[in-house]
Amino acid sequence: MASVKYTEEHEWIRLEGDVATIGITDYAQQQLGDVVFVEVPQVGRKVDKGEAVAVVESVKAASDIFAPVSGEVVEGNPALADSPGDVNAEPMGKGWFFKLRIADKAQLEGLMDEAAYDTFVKNLG
Amino acid sequence: MSDNPAGPLERTPLYDLHRELGARLVPFAGYEMPVQYPTGILAEHAHTRSAAGLFDVSHMGQVRLTAKPGHDAARALEAIVPGDILGLEPGQQRYTLLTTEQAGITDDLMVTSTGDHLLLVVNAACKHADLAHLQQSLAASCEVEAMFARGLLALQGPQAAAVLARFAPQVATLKFMTGAFVVIDGAQCYVTRSGYTGGDGFEISTPADAAAAIARKLLAEPEVKPIGLGARDSLRLEAGLCLYGHDIDTTTTPNEAGLLWSIAKRRREQGGFPGAAIVQRQIADGAPRRRVGLLPDGKAIAREGAEIVIAGNVVGKVTSGGFAPTLGRAVAMGYVARQHAANGTKVDLMVRGKPVAAEIVPMPFVKHAYYRG
Chain A
0 MASVKYTEEH EWIRLEGDVA TIGITDYAQQ QLGDVVFVEV PQVGRKVDKG
50 EAVAVVESVK AASDIFAPVS GEVVEGNPAL ADSPGDVNAE PMGKGWFFKL
100 RIADKAQLEG LMDEAAYDTF VKNLG
Chain B
0 MSDNPAGPLE RTPLYDLHRE LGARLVPFAG YEMPVQYPTG ILAEHAHTRS
50 AAGLFDVSHM GQVRLTAKPG HDAARALEAI VPGDILGLEP GQQRYTLLTT
100 EQAGITDDLM VTSTGDHLLL VVNAACKHAD LAHLQQSLAA SCEVEAMFAR
150 GLLALQGPQA AAVLARFAPQ VATLKFMTGA FVVIDGAQCY VTRSGYTGGD
200 GFEISTPADA AAAIARKLLA EPEVKPIGLG ARDSLRLEAG LCLYGHDIDT
250 TTTPNEAGLL WSIAKRRREQ GGFPGAAIVQ RQIADGAPRR RVGLLPDGKA
300 IAREGAEIVI AGNVVGKVTS GGFAPTLGRA VAMGYVARQH AANGTKVDLM
350 VRGKPVAAEI VPMPFVKHAY YRG
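Line order of the protein sequences matches chains A and B. Letter 109 of the first sequence, counting from 1, is numbered 108 in numbering that gives the first Met the number 0, and no numbers are missing. Letter 20 of the second sequence, counting from 1, is numbered 19 in numbering that gives the first Met the number 0, and no numbers are missing.
Just chain B, with the same shape it has in the complex (with noise of 0.2 Å):
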């Protein structure tokens, strides 16, 4: 089993590519996984913000869903997410959670409406529960397909449009959060317009066995360099985004989160989903933490554990944090005690014993640039 940390680790349809482009691979979800490639992570994340860069994010967990004969996926999807699934058109994506009746997450993942189906893109680290609980939950509804062999490229960065158009002249015109079936090297894919750097670019689905020639082909681009996983942390924290099993966890709710934006009007009013009261309540009253994003003076680096103190009382502590490239400095999130959430406020990050002074800023730490026509 990939999530049995002892297990032998599985290797995406891109391992052999990863091998020969000089990557340094690591155990990451149960997958030998590429974290950086000769060039180095300040390098891939430079050139994914000013070109292209394509990662292989196989190892996420895809998953098929089609109604059964007098019922609807969207439907069923919903009572175990809380985003406006009945509301996607064909062609149309939303982020959405896997919630808890506490209202904790125990997964973030995209939905696609293709018409027939809803694809859904889960966390490798959190696929095999997640398949569980959609078999369990979804079982009268629906047939739930795990595609877990199929292949998964993100090809991202101000230049990813103009690059995978000379493949397929459609994606051009796909606006941020919408997809498309396309065929690309002879090969049926599904394309999002979509990712997790804050830039343009795009999610290619993939049959398993078209993987490596389509990543090939792309790297073959001259605007296309490979990247690890490495920058794609550091490109995704600039961007404000959750990490999840570190930003967002069981333990969080959506609101103390700052993801009640994926929750349309609809759904906070009519609830229907895990955990609903509790967010409904925590819409009335507040969540009694916030996720901040905080920008520490001076170079030092503050990191997941690191603690946020105000006049020597603990308020709170960094779930990611690391240095951001494209801005030359350190900068991290956390949570932080409601009261003392506020754009503005100064704290002290505890790195290594010793205080760091921080500021509480609005995020994302680098504006994000996504394609909306």
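Next comes chain A alone, as it looks inside the complex (with noise of 0.2 Å):
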């Protein structure tokens, strides 16, 4: 069973083997909005753990999303480019933003789990 761990830049992140898929959390989407952009990255490119990596824009304003984990691109999701309100839509299922293969596994340790992503964002009040 695939494990998702989360990032205090509300990110999600789940293994499979040594690809994990990335996206925004439900309450990421929340606080944006309406998404109206998605840029995701290149594949092949190579990323490090912090890196800015892709682009979400709502009406508003224009978010950084960060690598959670170093790695290289291996897809990026091309329905966005049509179909950007799936991040508000199913921030978890059909709008992950781009998937990794991860160099080192140890990165993920840091990360939380639901549980304490759940009590991370009751706690921003």
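Calculated from the structure, these hints are not laboratory results. Bear in mind the structure is a predicted one, so any value in this text is a computation, not a measurement. Just to be clear, a hint being listed does not mean it is correct.
[Unchecked claim] Just the calculated beta-carbon pair ranges, DEER-fashion:
no., chain 1, residue 1, chain 2, residue 2, range
1, B, Gly304, A, Glu15, 34 to 44 Å
2, B, Arg18, A, Gly16, 44 to 54 Å
3, B, Ala161, A, Gly109, 52 to 62 Å
4, A, Met91, B, Gly185, 44 to 54 Å
5, B, Pro68, A, Gly124, 51 to 61 Å
6, B, Ala161, A, Met91, 41 to 51 Å
7, B, Ser49, A, Asp81, 14 to 24 Å
8, A, Asp17, B, Leu20, 39 to 49 Å
9, A, Ala105, B, His367, 58 to 68 Å
10, A, Gly109, B, Asp184, 57 to 67 Å
11, B, Gln187, A, Ala80, 52 to 62 Å
12, B, Lys366, A, Ser82, 21 to 31 Å
13, A, Gly124, B, Lys264, 53 to 63 Å
[Claimed, not checked] Result set (DSS-like, lysine-lysine): computed pairs, CA atoms no more than 27 Å apart in a straight line:
no., chain 1, residue 1, chain 2, residue 2
14, B, Lys353, A, Lys48
15, B, Lys353, B, Lys316
16, A, Lys121, A, Lys48
17, B, Lys345, B, Lys316
18, B, Lys366, B, Lys224
19, B, Lys174, B, Lys224
20, B, Lys174, B, Lys366
21, A, Lys93, A, Lys104
22, B, Lys298, A, Lys93
23, A, Lys45, B, Lys353
24, B, Lys366, B, Lys264
25, A, Lys45, B, Lys298
Yeah, the Cβ is synthetic: ideal placement off N, Cα and C, and Gly gets one too.
These two chains come separately, so use the hints to put the complex back together.
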């Protein structure tokens, strides 16, 4: 069973084998409001943990999406170009952003599980 | 003070209603204002274009000018604005500017004559400075009365007239940029047929204690939904309308901003307002730069501050940019050097360090739909 981890930047990471799928959380999409444009990274790009690799734009503002772990981009979600609203409708499903083949699984260890993330969001007020 | 960003935020008479409606409230010009309601900005935008949207704009500054005996308020106001105020018939409204000696713009505003008074609506973020300026400039000739506690509701969209006429039948025949006193829900209001969406609609000035009840009555009509500041911005951007502090400010002249239409022939010729010599010189010689519409290729959004580039040279800057929901694509406006301002000119907009191809296009992006009778 795939395990899902969360970051303080309100991203989720679902690991299957050595490929991680990354998106933003329901809390994040609510905060952003209607998403109207998403820029996903090129396949083959090598990214470092913490690097800005994608952009999500709502009507009001642009936000960076950071690589939660280091790795190589193996796929960007092609559907978001025409259906950026998928990020609002299904942030943890068809609204995923990109997939990384991760370099070092140990980088996942500092991330939150669902219970920890829920507590983190509650404490944001 | 509301213009102190560190101070406590003020609330409009509709604050409790916004909370009840589930608005997301944000600090704006010293007030806690709704940026959107639960349906979101895209739905609010679409609803305003297809039906009727209700906006709380009570944060804006309402000011009343009354001539002192032996004086004329319109003549006095013309000393500090370039608009034709003397030519306003009772019930007529005009868009004008407060200008500096350098022909910069310190605010844009609406002026309506009621016959006995001039009613001004100025921007929220500028209202305290505007009031001080008006009081200082007009002290000899006018009583300058701040009415900052009053409510101001905007009802905008193709069904706004049908809705408002149920409460005040006489508004049905008001034409764009005219106004009248009407009683709504037992309260004496001043209604103008105007707005900030490019569409048909009204702005309704209400007594402070009547604003919430009137808003609730309007929202109870099936065509009406509440609309926040987010959609207010995307609607005005599609309409090509300037946002003060972004598209116009003390560094932009009326000529550069493409607002000469608001300066009548008599005022252009006679001057008599701050910065008149510069406005006249730029009419004769051309303004050094022009505000233009920008239509980017593709879907990337160029926002305020993005550089406008031709062949690697920076020729200007985006002052407003965003997603235009009616068009389903990004639009922007900005200033470019005069020699590059022609429609059809190809430019690049720098978005996150990368050029996005765009073309200079006429505005508005979405055709205006004002009611002219």
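Now the hints, each set against the structure:
{"no.": "1", "hint": "Gly304/B x Glu15/A: 34 to 44 Å", "in the structure": "holds, 40 Å"}
{"no.": "2", "hint": "Arg18/B x Gly16/A: 44 to 54 Å", "in the structure": "holds, 48 Å"}
{"no.": "3", "hint": "Ala161/B x Gly109/A: 52 to 62 Å", "in the structure": "holds, 59 Å"}
{"no.": "4", "hint": "Met91/A x Gly185/B: 44 to 54 Å", "in the structure": "holds, 51 Å"}
{"no.": "5", "hint": "Pro68/B x Gly124/A: 51 to 61 Å", "in the structure": "holds, 57 Å"}
{"no.": "6", "hint": "Ala161/B x Met91/A: 41 to 51 Å", "in the structure": "holds, 43 Å"}
{"no.": "7", "hint": "Ser49/B x Asp81/A: 14 to 24 Å", "in the structure": "holds, 23 Å"}
{"no.": "8", "hint": "Asp17/A x Leu20/B: 39 to 49 Å", "in the structure": "holds, 47 Å"}
{"no.": "9", "hint": "Ala105/A x His367/B: 58 to 68 Å", "in the structure": "holds, 60 Å"}
{"no.": "10", "hint": "Gly109/A x Asp184/B: 57 to 67 Å", "in the structure": "holds, 59 Å"}
{"no.": "11", "hint": "Gln187/B x Ala80/A: 52 to 62 Å", "in the structure": "holds, 53 Å"}
{"no.": "12", "hint": "Lys366/B x Ser82/A: 21 to 31 Å", "in the structure": "holds, 28 Å"}
{"no.": "13", "hint": "Gly124/A x Lys264/B: 53 to 63 Å", "in the structure": "holds, 57 Å"}
{"no.": "14", "hint": "Lys353/B x Lys48/A", "in the structure": "holds, 23 Å"}
{"no.": "15", "hint": "Lys353/B x Lys316/B", "in the structure": "holds, 15 Å"}
{"no.": "16", "hint": "Lys121/A x Lys48/A", "in the structure": "holds, 26 Å"}
{"no.": "17", "hint": "Lys345/B x Lys316/B", "in the structure": "holds, 14 Å"}
{"no.": "18", "hint": "Lys366/B x Lys224/B", "in the structure": "holds, 22 Å"}
{"no.": "19", "hint": "Lys174/B x Lys224/B", "in the structure": "holds, 23 Å"}
{"no.": "20", "hint": "Lys174/B x Lys366/B", "in the structure": "holds, 18 Å"}
{"no.": "21", "hint": "Lys93/A x Lys104/A", "in the structure": "holds, 24 Å"}
{"no.": "22", "hint": "Lys298/B x Lys93/A", "in the structure": "holds, 20 Å"}
{"no.": "23", "hint": "Lys45/A x Lys353/B", "in the structure": "holds, 19 Å"}
{"no.": "24", "hint": "Lys366/B x Lys264/B", "in the structure": "holds, 26 Å"}
{"no.": "25", "hint": "Lys45/A x Lys298/B", "in the structure": "holds, 25 Å"}
When held up to the earlier numbered hints, the structure conflicts with none and fits them all.
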